[in-house]
Amino acid sequence: MSEETIAMKVARYRPEHAAEPYVDEYRVPYREDMVVLDALNQIKDEIDGSLAYRWSCRMGVCGSCGMMVNGKPRLTCSTFLREFYPKPVVVEPLRHFPVIRDLVVDMTDFMEKLKEVKPWIIRKGEKPVEEGEYLQTPEEVDAYKQFSMCINCMLCYSACPVYGRDPEFLGPAVIALGRRYNLDSRDQGQAERREVLGVDWGIWDCTFVGECTVVCPKDVDPSAAIQREKVATTTEAMLSVMLPFKGRT
Amino acid sequence: MQTFAHDIVIVGGGGAGLRAAIAAAETSDALSIAVVSKVYPMRSHTVSAEGGAAAAMGPDDSFDLHAFDTIRGSDFLADQEAVEAFVADCPSEIIQLEHWGCPWNREPDGRIAVRTFGGMSVNRTVFAADKTGFHMLHTLFQTSLKYESIVRYDEFFVTKLLVEDGRCAGVAAIDLRDSEVRCITAKAVILCTGGAGRIFSFTTNGAIKTGDGMALAYRAGVPLKDMEFVQYHPTGLPGTGILMTEASRGEGGYLTNREGKRFLEEYIPSKMELGPRDILSRAIMQEIEKGRAFDGPYGQYVHLDVSHLGEKLIDEKLPFVRELARNFVGIDPVHEPIPVRPVVHYMMGGIDTDLAGRTRLPGLYAAGEAACVSMNGANRLGSNSLSECLVFGARSGRQAAEDALGASQTDERPVEKLAQAEQARLVATYLEKERGRERISAIRRELQAAMERGAGVFRTEESLKQAVEEVRELRERYRDVSLDDRDRAFNTELVAALELENMLDVAETVVRSGLERLESRGSHTRRDHPDRDDERFLKHSLAFTTPEGPRIEYGDVSITRWPPAERKY
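Quick note, the sequences are listed as chains R and Z, same order.
At position 2 of the first sequence (counting the first as 1) the number is 2 in the working numbering, and the numbers step up by one without a gap.
At position 156 of the second sequence (counting the first as 1) the number is 156 in the working numbering, and the numbers step up by one without a gap.
Just so you know, not all the hints are guaranteed correct.
[Stated by the list, open to error] Per the computed footprint, the stretches of chain Z lying under chain R, defined by three or more beta-carbons under 8 Å from a beta-carbon of chain R, are:
hint, stretch
1, 36-44
2, 324-337
3, 485-492
[What the hints assert, rightly or not] Below, simulated DSS-like cross-link-like pairs (lysine-lysine); rule was C-alpha separation at most 30 Å, straight line:
hint, chain 1, residue 1, chain 2, residue 2
4, Z, Lys146, R, Lys145
5, Z, Lys417, Z, Lys433
6, Z, Lys261, Z, Lys568
7, R, Lys124, Z, Lys146
8, R, Lys145, Z, Lys312
9, Z, Lys271, Z, Lys261
10, Z, Lys271, Z, Lys290
11, Z, Lys146, R, Lys127
12, Z, Lys568, Z, Lys290
13, R, Lys230, Z, Lys146
14, R, Lys115, R, Lys218
15, R, Lys218, Z, Lys146
16, R, Lys115, Z, Lys146
17, R, Lys218, Z, Lys312
18, R, Lys218, R, Lys72
[To be verified] One side only, chain Z facing chain R, incomplete, derived with CB under 8 Å:
hint, residue
19, Ser48
20, Ser92
21, Gln96
22, Glu98
23, Trp100
24, Gly101
25, Arg111
26, Ile112
27, Phe134
28, Gln142
29, Lys146
30, Arg177
31, Gly206
32, Ala207
33, Ile208
Hint data in this document are derived by calculation from the structure and do not stem from the laboratory.
The beta-carbon is built from N, C-alpha and C at its ideal position, and this holds for glycine as well.
Work the whole structure out from these sequences, hints included.
Here it is, written out as structure tokens:
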């Protein structure tokens, strides 16, 4: 029985051996139900144990295994080889991030930005747990739910030309997360977050390319989050000029 | 060597670890808390939990009902004191998480909603669609960011507990960036590293679930309790093992065989699809043995059918099931049944702790799936484990905080020496060792296959004996393991080797404890000992490490108000 195989062209970067990245080509057995991550695991287990990449849940929710697959940012656990077969599959580290080793990128910048947007419930006073939950209707949950689905896979940062050009840009996932808390009926931190979101390298840096929304594996739609945050910020600014006391007397 | 000093070190950044960190931070601003994790916290396997978190909050629920369901589900092996502590704390933990922003599903009036789950006699499972673990983990992680006293060591792999003068005084951890050991000292160390499903080949568990904390504690002399109890979830996708949540049955889904029949009528007619996991997994295996299952490339399977629930309900309450089935097996559950078979999901056993997470090694605590308090006994009920992470994460965090506040500053020098020795061991054993003959992947694959054969849903003396021998042989072969990768930068093969060592230790306690338990109870089903034997085995097993392998002792089960009785549904 002849076994079908597929060529995997994998970007390598081993700073202890070579100053520049290079490409290794491997051939692995091909089955129709294999994902790109399966092929990487085949390589690591059977051919070359030195290949480095991150993965865990293999069900598209832990967010570890984002890489460039044939030029597009993808979750490798959810990208099937059959999409490319019999052509070779090119796997590279996520674009726009520094590379630590092979397919492993440096997430430090993303993690710092995530914290900057204050992704937690901010309230003037919190009621004691004994007093029970804050009531929130299903409609109020729906208002922010979509923006709470982000798995921090960072595909949107790789897709975003603005982040590629200006690393200061907060970026799609972080802005969507800020929007998620701003829209939560339990939250009172909009003003604090606006100090982070409303700056030049916040929402105003986005030129509405929309690639972030296209690549998002969880339909978070960061691009909509950014545009709506712009509208909300502008409306508030206009209201504060026209109605300095927000209609209160 | 770089040394970092903290008051509390938490190993693992999943549900239990983050809850412990926040509990410690809220106990006192004066405490410095480190979360050391081999992955960024939001990658932790809590993220994959789907169905929900149990709490007696519904209008028809009560403390006693939740407690009794849990105890009966455990086949009376749970410590009733632990169950009572657990049940009492669940509602406040769920509300605490709500205050932190968790997007729980709601009733039309805005109150937190509850859904049906297996083995629970009333609606008790709080949920965020079928991505409950994901939302809990991200809520906890994002909330943890507001505490300045919580310091994270992301992508640090702990290789050893540093025990000085009879106390756990810190950990040695490799920074994956450069593969150098760092010495992280503490007055209290909490292990929240999750389970070890990866010791089996067919599991719902992510790659990171390799029993690291269990192995660390075990090697430090702390016993692993009730390790023979491995939960098979009835409904995993054949091949990948991806979980199809129990909520799909809680919402009304059916299990059917090749004859199109809801076969559970023959096994548990009173509960049908809402029976506990051990009973349902056995029923499916029996259907397979009777030739009433479907044949597939990845073994035989039965059908999980939710199509009659309709697209609206599926999209509202089971969207992830639909997404996973579509993406990974090309099936839309709105129109077609999903192929499923029993799959290793959860370890009831773990590091022996008391109700505050303390182990018998001073300074060492554990919580979550890594620990065994024990509130799950011989079979855990679905949705009790997310709540367990919250309740016992918080309890261990508070206890560790109080103990750390009262502890005196320890001398770091002897602890540093231990870490230096660990660095030397790692270099000699792995990075600068001459080439060996064994590949990590080969030993891992054989270990997983041996566990599947020997310690599956049904077990016998013969199967377990063989597994004990095979694990022993694999341990011998492990000494000759060799790395392709000798780089210092992000050496994932080094991590894989260390994980495999942990898996071998944990696996050995599973098969040895299983071999010595001559009865069937909960998930542990011995064909050669089909009955429960309370006289001899209403006991917790305790596996201690010795050079010859695990030594099994037994400990008492705490019984408060529910005398052991036949487990009837």
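Evaluated hints:
Only residues whose C-beta sits within less than 8 Å of a C-beta in chain R count toward coverage, and the stretch 36-44 of chain Z has 5 of them, enough to reach three; the restraint holds. Only residues whose C-beta sits within less than 8 Å of a C-beta in chain R count toward coverage, and the stretch 324-337 of chain Z has 3 of them, enough to reach three; the restraint holds. Chain R is given as covering the stretch 485-492 of chain Z, and this holds because 7 residues of the stretch bring a CB closer than 8 Å to a CB of that chain, at least three being needed. Taken as a hint, the Lys146 (chain Z) and Lys145 (chain R) pair is honoured in the structure, with Cα atoms around 22 Å apart against an allowance of 30 Å.
Restraint check for Lys417 (chain Z) and Lys433 (chain Z): satisfied, since their Cα atoms lie roughly 22 Å apart, inside the 30 Å limit. Taken as a hint, the Lys261 (chain Z) and Lys568 (chain Z) pair is honoured in the structure, with Cα atoms around 23 Å apart against an allowance of 30 Å. Between Lys124 (chain R) and Lys146 (chain Z) the CA atoms are separated by roughly 15 Å; this keeps the pair inside 30 Å, and the hint holds. Between Lys145 (chain R) and Lys312 (chain Z), the direct Cα distance comes to roughly 17 Å. Compliance with the 30 Å bound is thereby established for this hinted pair.
For the hint linking Lys271 (chain Z) to Lys261 (chain Z), the alpha-carbon distance of about 16 Å falls within 30 Å, and the restraint holds. Our distance criterion of 30 Å between C-alpha atoms is met by Lys271 (chain Z) and Lys290 (chain Z), whose separation comes to about 22 Å. Restraint check for Lys146 (chain Z) and Lys127 (chain R): satisfied, since their Cα atoms lie roughly 18 Å apart, inside the 30 Å limit. Taking the CA atoms of Lys568 (chain Z) and Lys290 (chain Z), the gap is near 24 Å; set against the 30 Å cutoff, the hint holds.
The hinted pair formed by Lys230 (chain R) and Lys146 (chain Z) meets the criterion: a straight-line CA distance of about 25 Å does not exceed 30 Å. Restraint check for Lys115 (chain R) and Lys218 (chain R): the C-alpha separation of about 21 Å stays at or below 30 Å, so the hint holds. Restraint check: the Cα-Cα separation between Lys218 (chain R) and Lys146 (chain Z) comes to about 26 Å, which is no more than 30 Å; the hinted pair holds. Proposed proximity of Lys115 (chain R) and Lys146 (chain Z) is supported: the alpha carbons are some 8 Å apart, at most 30 Å.
For the proposed pair Lys218 (chain R) and Lys312 (chain Z), the alpha carbon gap of about 19 Å is at most 30 Å, so the pair holds. Under the criterion of a C-alpha separation no larger than 30 Å, the hint pairing Lys218 (chain R) with Lys72 (chain R) is consistent with the structure, at around 16 Å. This hint holds: Ser48 (chain Z) has a C-beta 5 Å from the nearest C-beta of chain R, less than the 8 Å allowed. Interface restraint check: Ser92 (chain Z) against chain R, minimum CB-CB distance 5 Å, threshold 8 Å, status holds.
With a least beta-carbon distance of about 5 Å to chain R, the hint placing Gln96 (chain Z) at the interface is held under the 8 Å criterion. The closest approach between the C-beta of Glu98 (chain Z) and any C-beta of chain R is roughly 5 Å, which is under the 8 Å cut-off, so the hint is satisfied. Hint status for Trp100 (chain Z) relative to chain R: holds, with the closest Cβ pair at about 6 Å, below 8 Å. The interface hint given for Gly101 (chain Z) is met, as the beta carbon of that residue sits about 4 Å from the closest beta carbon of chain R, less than 8 Å.
With a cut of 8 Å, the hint placing Arg111 (chain Z) at the interface with chain R holds, because the nearest CB-to-CB distance is about 7 Å. Given the 8 Å rule on beta carbons, the hint for Ile112 (chain Z) holds: about 5 Å separates it from the nearest Cβ of chain R. Because the smallest distance between the Cβ of Phe134 (chain Z) and any Cβ of chain R comes to about 6 Å, under 8 Å, the interface hint for this residue holds. Among the interface hints, the one on Gln142 (chain Z) holds; its C-beta lies about 4 Å from the nearest C-beta in chain R, closer than the 8 Å criterion.
At its closest, the beta carbon of Lys146 (chain Z) sits 5 Å from a beta carbon of chain R; the interface hint therefore holds under the 8 Å criterion. For the restraint placing Arg177 (chain Z) at the interface with chain R, the shortest Cβ-Cβ distance is roughly 7 Å, inside the 8 Å limit, so the hint holds. Hint on Gly206 (chain Z) holds. Least Cβ distance to chain R is approximately 4 Å, under the 8 Å limit. The beta carbon of Ala207 (chain Z) comes within 5 Å of a beta carbon in chain R, closer than 8 Å, and the hint placing it at the interface holds.
The interface hint given for Ile208 (chain Z) is met, as the beta carbon of that residue sits about 5 Å from the closest beta carbon of chain R, less than 8 Å.
Violated hints: none; the structure is consistent with every hint.
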